[in-house]
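Residue numbers for the sequence shown follow the UniProt record's numbering, beginning at 1 and rising by one.
Since the hints were made in silico from the structure, they are not lab data. Be careful, since some hints might not be right.
List of simulated lysine-lysine pairs, DSSO-like, C-alpha gap at most 27 angstroms [claimed, not checked]:
(1) K15 - K50
(2) K152 - K50
(3) K15 - K95
(4) K152 - K15
(5) K94 - K50
(6) K2 - K28
(7) K95 - K152
(8) K28 - K94
(9) K152 - K94
(10) K28 - K50
(11) K50 - K32
(12) K28 - K15
(13) K50 - K95
(14) K32 - K2
(15) K2 - K15
(16) K95 - K28
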Amino acid sequence: AKSIVGVIPYLPYSKQCKMRKRGSIVSKLLAKMLCSSGLTHVITMDLHQKEIQGFFECPVDNLRASPFLLQYIQECIPDYRNAVIVARNPGSAKKATSYAERLRLGIAVIHGEQKESDSDMVDGRNSPPPSTSRSRTMDVGVGVPQHPAKEKPPINVVGDVGGRIAIMVVSKKYEF
Numbered sequence: 001a002k003s004i005v006g007v008i009p010y011l012p013y014s015k016q017c018k019m020r021k022r023g024s025i026v027s028k029l030l031a032k033m034l035c036s037s038g039l040t041h042v043i044t045m046d047l048h049q050k051e052i053q054g055f056f057e058c059p060v061d062n063l064r065a066s067p068f069l070l071q072y073i074q075e076c077i078p079d080y081r082n083a084v085i086v087a088r089n090p091g092s093a094k095k096a097t098s099y100a101e102r103l104r105l106g107i108a109v110i111h112g113e114q115k116e117s118d119s120d121m122v123d124g125r126n127s128p129p130p131s132t133s134r135s136r137t138m139d140v141g142v143g144v145p146q147h148p149a150k151e152k153p154p155i156n157v158v159g160d161v162g163g164r165i166a167i168m169v170v171s172k173k174y175e176f
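Generate coordinates for the entire structure from the input sequences, incorporating the hints supplied.
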């Protein structure tokens with residue numbers, strides 16, 4: 001083929017665009033693999049960071065979903081003027097503010113929600129807590145200390161959402 005265009009609506013690992021410890025930048029590695037496999041052009045949607053386009057050795061078109069989502073809200077949500085845009089966490093407040101400004105709506109932000117990566121770690125370990133309340137002992141008679149369960153912070157909503165339609169902006173996927 002003269003040219004191969006990769007249409008990738010969701011680029012996996014796009015949130016992992018920074019180097020952590022001594023590991024690789026996964027987005028850069030994926031971009032290099034895609035280009036070396038023969039892609040001459042890439043079309044994707046809503047990259048987590050626009051700098052990811054620079055990782056590719058071929059042209060990249062980063063399409064935005066927001067115009068279509070805004071049109072959908074205006075046409076398909078009755079009385080959308082009585083709505084409020086809600087950011088799921090402070091990290092998605094920038095995106096939520098963008099939607100709120102374009103629709104001329106108010107904004108609210110949820111604070112204190114646990115990250116998904118922490119939900120499996122109850123007490124700081126990746127394994128579930130012991131099912132019994134008594135301490136376990138090893139063959140040498142040394143007790144394994146019990147860790148108290150990690151308390152979730154209270155969830156607070158900053159902004160007026162009472163009696164209004166809440167449109168939640170999620171930054172990971174194309175959901176509202």
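27 angstroms Cα cutoff - pair K28, K50: holds, 13 angstroms
Restraint status (C-alpha distance of K2 to K15 at most 27 angstroms): Violated. K2 to K15 sits at ~32 angstroms, over the 27 angstroms cutoff.
27 angstroms Cα cutoff - pair K50, K95: holds, 14 angstroms
K152 paired with K15 [C-alpha distance capped at 27 angstroms]: holds, 24 angstroms
Pair hint K50 and K32, alpha-carbon separation not exceeding 27 angstroms: holds, 16 angstroms
Pair hint K15 and K95, alpha-carbon separation not exceeding 27 angstroms: holds, 15 angstroms
Straight-line alpha-carbon gap K15 to K50, limit 27 angstroms: Holds: K15 and K50 sit about 11 angstroms apart, inside 27 angstroms.
Restraint status (C-alpha distance of K28 to K94 at most 27 angstroms): Holds. K28 to K94 sits at ~25 angstroms (cutoff 27 angstroms).
Agreement of K94 and K50 with the hint, judged by alpha carbon distance not exceeding 27 angstroms: Holds, at roughly 15 angstroms.
Hint consistency between K2 and K28 [alpha-carbon to alpha-carbon, up to 27 angstroms]: Holds: K2 and K28 sit about 25 angstroms apart, inside 27 angstroms.
Straight-line alpha-carbon gap K28 to K15, limit 27 angstroms: Given that 27 angstroms is the threshold and the Cα spacing comes to 11 angstroms, the pair holds.
Holds or violated: K152 to K94, with C-alpha atoms at most 27 angstroms apart: holds, 25 angstroms
Checked against the numbered hints listed earlier, the structure breaks hints 2, 15; every other hint is satisfied.
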